[in-house]
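Engineer: Quick note on numbering: the sequence shown equals residues 3 to 119 in the working numbering.
Each statement offered as a hint is correct.
No farther apart than 20 Å at their CA atoms in a straight line, the calculated lysine to aspartate or glutamate pairs in the DMTMM-like style are these: (1) LYS101 x GLU80; (2) LYS25 x GLU56; (3) LYS101 x ASP118; (4) LYS101 x GLU56; (5) LYS101 x ASP79; (6) LYS25 x ASP51; (7) LYS25 x ASP68.
No lab work stands behind these hints: they were computed from the structure.
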Amino acid sequence: RGQVRPKKDPKPAQDRGAEVVCKTGAGINTLEPYRALRRCAFVNVSGNDLSTIEPLRFMHGLRLLDVSFNMVHFLPDELFFSRLEHLSSLILCGNPIQKPSAIEGLAGAPVLRLLDL
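Given these sequences and hints, build the entire structure.
Structural biologist: Here it is, written out as structure tokens:
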């Protein structure tokens, strides 16, 4: 009596796209374990040993991706980025990207607003 019970959320966090992955400086060298997180909205894997972001191609809910200070030399093609239809922020600083052609795939990113090279 008199107790207020919290409402039960009808959708788990995963379905709302509120998942967050933060593995900074963890020494990871692959994103394969995270490929199943299709609705993940925020990924921060800065300061690792990653050379590719390709395993994230099915993260359709991704909004922010921080892969700064890794070993990424080039980015995937336009098709990869066209699938990430909500990606608005991409942080790549501290990666050994040297050729302009290495980032041509970004042309496929439909709502990219922040790019930090």
